[in-house]
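Chains A and B supply the protein sequences, listed in that same order. Per my numbering, residue 1 is the first one in the first sequence, and the count goes up by one each step. Per my numbering, residue 1 is the first one in the second sequence, and the count goes up by one each step.
No lab work stands behind these hints: they were computed from the structure. A quick note: this is a predicted structure, and the numbers were derived from the prediction, not measured. You can take every hint at face value.
Here are the simulated DSS-like cross-link-like pairs (lysine-lysine), alpha carbons at most 30 angstroms apart as the crow flies: (1) K53/A <-> K2/B; (2) K41/A <-> K108/B; (3) K9/A <-> K22/A.
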Amino acid sequence: DTEVTQTPKHLVMGMTNKKSLKCEQHMGHRAMYWYKQKAKKPPELMFVYSYEKLSINESVPSRFSPECPNSSLLNLHLHALQPEDSALYLCASSQESTANTEAFFGQGTRLTVV
Amino acid sequence: RKEVEQDPGPFNVPEGATVAFNCTYSNSASQSFFWYRQDCRKEPKLLMSVYSSGNEDGRFTAQLNRASQYISLLIRDSKLSDSATYLCVVNEGTGTYKYIFGTGTRLKVLA
Chain A
1 DTEVTQTPKH
11 LVMGMTNKKS
21 LKCEQHMGHR
31 AMYWYKQKAK
41 KPPELMFVYS
51 YEKLSINESV
61 PSRFSPECPN
71 SSLLNLHLHA
81 LQPEDSALYL
91 CASSQESTAN
101 TEAFFGQGTR
111 LTVV
Chain B
1 RKEVEQDPGP
11 FNVPEGATVA
21 FNCTYSNSAS
31 QSFFWYRQDC
41 RKEPKLLMSV
51 YSSGNEDGRF
61 TAQLNRASQY
71 ISLLIRDSKL
81 SDSATYLCVV
91 NEGTGTYKYI
101 FGTGTRLKVL
111 A
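With the hints as extra help, turn the sequences into a complete structure.
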């Protein structure tokens, strides 16, 4: 199983809503990531979890709150988002390794903030 | 200067052509290098890792030049199905799980 599964695939939310994006992998990977991708742009790193601990936060606004309940799951809690936060949110995972370890990506959640 | 830079294209080439993409990275401590392919409205998928000695996978050849901080991807005998955005990805250092994406190069293979 080389899959990273993200739910939901599409999400429309209002600026006052609270919602969560979910990501799951069963490859035994110990690093998990959230990326944000706007149209015609490359993915931009938001957060990295390593061994269930937050290791990198790329100065992401606090209206995005990540959570790693266990080694297979990664959530992204959303609250009071702005329309400019509309984007494709990608989850990825990778093994712990020192070299040439690729990241596997989920299909993404396409988020629209209205 | 962006951390990982690519020519955005688009590259429009006829079927059967050979096309080359380049990528430069700014962090000399970078350890791992990859080419990913992303189709429209889909997730990035690994095309190939890039090794110091260069490596080939069928019609695809990747090269790494650490001294010049430069990575390349060569596609021979282009197929219509090769049309996609090609993303150069750099992992910055041992134990640092930070995959940085280049700006991407769009390829369109024409019949």
